[in-house]
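Protein sequences, first through last, are from chains L and Y. For what it's worth, numbering that gives the first Met the number 0 labels the leading residue of the first sequence as 0, then goes sequentially. For what it's worth, numbering that gives the first Met the number 0 labels the leading residue of the second sequence as 0, then goes sequentially.
Hints are computed from structural coordinates only; laboratory data are not their basis. Backbone N, C-alpha and C define an ideal beta-carbon position, used for all residues, glycine too. Errors might be hidden in some of the hints.
Short, incomplete list of chain L residues facing chain Y, as computed with Cβ under 7 Å [said to hold, decoys possible]:
# : residue
1 : His45
2 : Arg46
3 : Leu49
4 : Asp63
5 : Trp88
6 : Pro101
7 : Ala115
To give an idea of the interface, some chain L residues facing chain Y are shown, with a C-beta separation under 8 Å as derived from the structure [claimed, not checked]:
#  : residue
8  : Asp42
9  : Ile80
10 : Ile81
11 : Thr98
12 : Leu106
Far from chain Y, some chain L residues (derived; all Cβ distances over 12 Å) [stated by the list, open to error]:
#  : residue
13 : Arg17
14 : Val33
15 : Gln36
16 : Gly58
17 : Asp62
18 : Gly66
19 : Val70
20 : Arg74
21 : Ser78
22 : Glu79
23 : Pro104
24 : Phe116
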Amino acid sequence: MCVLCGQDFVARVHWTDRHVEDRARAAEPGFDPVAFQGDRRRDRAHRVVLTNEVLRHYGLRVDDWSGSKYVLRDRKGRSEIIQDLGSLWPAAAKLADRTLDPLDPVLWERLGGEPAFAAADSG
Amino acid sequence: MEGKTRRPVTVVTGFLGSGKTTLLARVLSAPSMANTAVLVNEFGEVGLDHHLLRRVDERTVLLGSGCVCCTTREDLVGALMELLDMDQRGEIPRLDRVVIETTGLADPAPILHTIYADPVLQHHFSVDLVLTTVDAVNGALHLDLNPESVKQVAAADKVVVTKTDIAEPGIVPGLMSRLGKINPSAWTFEAAFGEVDVHELFRPDGAGTHAAPAAFTAGSGDPHDVGDTHSVSVTFDGAIDWTAFGIWFSMLLNARGEDVLRVKGLLDVGEAGPVVINGVQHIIHPPEHLGEWPDEDRQSRIIFITRYIHPEELLDSLLAFRGLLGARPVPLHAAEQRVPFL
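Chain Y extracted, bound-state conformation (with noise of 0.2 Å):
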């Protein structure tokens, strides 16, 4: 019954403004989401005409700790528990997909966290998409101002650029490129007025099912620099002990958690199939072992999207860590990198 019942949830990020709602009112008008609930934290301009929708109060509970990742939505407990409650009725057709908007500030680790460490949640929910929304118009400038939005970028599963239609010719083109360097590893859509193929945009990607292939584009394997924000993809030159990889990225998380804005990748521990990893700051989404690959390619590939890190530090650190994981990492250039990630 685990895993295969859990309800999946779908994170929609962006900045103020930058078209979450129209996105977000254009996909719900699908006949395939008429068994989706919507969460959100404030009804806008743009009306939702949705018969399960709920607004949610953002009312944070910072644990013991202070660190703002590992805080718990209590709103977002309450109001996944009540459509639990009458899912689990019969109140309501069948759940499909519950869609939570978040404000344009939040930052969707809380989110994660909320699901993943609940006592009820995690046995019921799992969040298999973060979409996150970046106007062409002003995206830009977010990216250079604000810290936040950056890390919604690089928390993001997939990227939708909105108001392509309005922008000035020539800057979509620079502004995808631009996203591509902070995260190579989310699939990037143009979508003018809210227009987006829903089926695509809602498929499934990596944080629990992997099962569609994100397309990385050429010379992603580099690594960027941009800003403050590094991303570097690496392999390993054999299995290495997943053991000894869960010692040194949670030391990591612990000593540096906030600067590690994504982890997102495919390891060989020397099974059958790979371990899928995929985190957002602290919050690791429960790591699934694979019966086998997805792909031809079977080397692990994991991509880490940081902030003030150098990725040269984290190359040096794990070749450091080489005796305990049992095998060196090599980072993918251009020329080595496999098409199909994740």
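For reference, chain L alone in the conformation it holds in the complex (with noise of 0.2 Å):
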């Protein structure tokens, strides 16, 4: 828990973070924790590009910061300091002023995908 923010980052792991805590944890004692670290960086970076992808519709965008929080930050220079993707998408809404709701309409338009299943009937 930190006593500033009052954030428990220490005992919890997002679940989209799990992945790489749980491979790292079953691996070998020989394991080489370098290589856990190219891996959890590598994934980090992967998923900075891709939120990104989301958010610059949202006019946001996010950066890794030293390997151990992300920054989302909006155009006018508002910043917010996240954990993980739990506690992105609050702090998004916070700087966009609404909701990011990934079943909006407008948002599959921009991301470039053309309503199919609505059309037609599928039940």
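Relying on the hints, combine the two individually framed chains into one complex.
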């Protein structure tokens, strides 16, 4: 628990971060910790790229902050420090002043999707 | 030491008078359940005679975010810690399993949250099964009138239909079919007088160990609408990017978590084995990356049970995210539905 922000980030691992942790835990005793760090860094970098694909439609972007946190910013220079995807979306909603909803047809359009299922009744 | 040593926790939910205690009394008398601890909210009319019985008062701590399923049940933390202490000091015989019986109206999500979010408990306990009892006589009425009842069925890995002996003839098949439509991924059992196959009932399923293939009944892959509750099974036309799925799904849960009653499935993420995903509302079981597929079918298959969200919306959203996911969603229909699922 951090006494400043009250966030319990040591004990809680968000489910999307779980696999890298699990892989490290499941590793043999002789496992090279450097390889784990590389694994983790690649995973974080990949997540930043993909998340920004979504966030840019809301005028936001996220950057890795020294491999331990992420920094979420808007175009006015406001920023929030976040721990994981679990805390990203509420913080993004605060900066964007609306909930970021993946079921929003406007977002689908921006991501280049054309609704295909709503038109054709699949039931 | 991780994973293997976590004690399985079974959550038993069900509406008031739906036969939870009768079922438990029957189940606990089986020799294989001797080292099972039971946590109950109230001592009901049906006495449970069991040496590891504890009563817990439902004390709920609502966290800052204010969402009901992300609340911590302090009573459970205390009771589970006490059991863990006793087990580790050797004061009780080896603790094989903990059964938590909820009150009729309880939502199982806070129980899962309590165990997965607690810094100590998460390393020692794992919810392997949510059992929901539905009373054959009044079940349909409860489902009509009480949204909690639908939530409990959606959260279940296994549904036990009780009191089938006193139900009017013809009621049980209709109820079973309705339960199957609300939650096609759950096993459904019939139990008259609490008589069930204990071994079968407690065989873990999906939540952490996925040992048993649950059968999808024919046609259950089609999107189902039961009132405001919908379910749809989806596959993808290729392996998907796990990170991208995490982004899409965490975003969905943040925006519409209360309406995502249940998600369960196996995802092909391009590795040797699939990822097991299992969630009840906002609470996601720690996803497990398996070393190999449990059967011949190597396609992703994931079921979503939602309230107010139409299956087409989910499919269109996944389609819009296809660039990130790396594959397109395909709804599973009856004809393509393979029988084994988890």
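Quick rundown of the hints versus the structure:
The beta carbon of His45/L is positioned within 7 Å of a beta carbon in chain Y (closest approach about 5 Å), and the interface hint is therefore held. Taken as an interface hint, Arg46/L checks out: its beta carbon lies about 5 Å from the nearest beta carbon of chain Y, inside 7 Å. Below 7 Å, beta-carbon pairs count as interface contacts, and Leu49/L has one with chain Y at about 5 Å; its hint therefore holds. Proximity of Asp63/L to chain Y is violated relative to the hint, the smallest CB-CB distance being about 13 Å (cut-off 7 Å).
Taken as an interface hint, Trp88/L checks out: its beta carbon lies about 4 Å from the nearest beta carbon of chain Y, inside 7 Å. At about 5 Å, the closest approach between the beta carbon of Pro101/L and any beta carbon in chain Y falls short of 7 Å, and the interface hint on this residue holds. The beta carbon of Ala115/L comes within 6 Å of a beta carbon in chain Y, closer than 7 Å, and the hint placing it at the interface holds. For Asp42/L, the interface hint holds, since its Cβ comes within 8 Å of a Cβ in chain Y; the closest pair sits about 7 Å apart.
At its closest, the beta carbon of Ile80/L sits 17 Å from a beta carbon of chain Y; the interface hint therefore is violated under the 8 Å criterion. At a threshold of 8 Å, the smallest CB-CB gap from Ile81/L to chain Y is about 12 Å, leaving the interface hint violated. This hint holds: Thr98/L has a C-beta 5 Å from the nearest C-beta of chain Y, less than the 8 Å allowed. About 7 Å separates the beta-carbon of Leu106/L from the nearest beta-carbon of chain Y, less than 8 Å, and the hint is met.
Not every CB of chain Y is more than 12 Å from the CB of Arg17/L (nearest about 5 Å), against its label as outside the interface. No Cβ of chain Y approaches the Cβ of Val33/L within 12 Å, the least distance being about 21 Å, so the stated non-interface status holds. With a closest Cβ-Cβ approach of about 17 Å to chain Y, Gln36/L is found to remain outside the 12 Å limit, as its non-interface label requires. Against chain Y, the non-interface label of Gly58/L holds: every CB pair exceeds 12 Å, the least being about 16 Å.
The beta carbon of Asp62/L is kept farther than 12 Å from every beta carbon of chain Y, the shortest such distance being approximately 16 Å. The Cβ of Gly66/L sits about 16 Å from the closest Cβ of chain Y, beyond the 12 Å cut-off, so the non-interface label holds. For Val70/L, the non-interface assignment is confirmed: its Cβ lies about 17 Å from the closest Cβ of chain Y, beyond the 12 Å cut-off. For Arg74/L, the non-interface assignment is confirmed: its Cβ lies about 20 Å from the closest Cβ of chain Y, beyond the 12 Å cut-off.
Against chain Y, the non-interface label of Ser78/L holds: every CB pair exceeds 12 Å, the least being about 19 Å. Annotated as non-interface, Glu79/L keeps its C-beta farther than 12 Å from every C-beta of chain Y; the closest such distance is 14 Å. Listed as a non-interface residue, Pro104/L fails to keep its Cβ farther than 12 Å from every Cβ of chain Y; the least gap is roughly 8 Å. Non-interface status of Phe116/L relative to chain Y is broken: a Cβ of that chain comes within 12 Å, the nearest being about 4 Å off.
The structure fails hints 4, 9, 10, 13, 23 and 24 (numbered hints given earlier, in ascending order).
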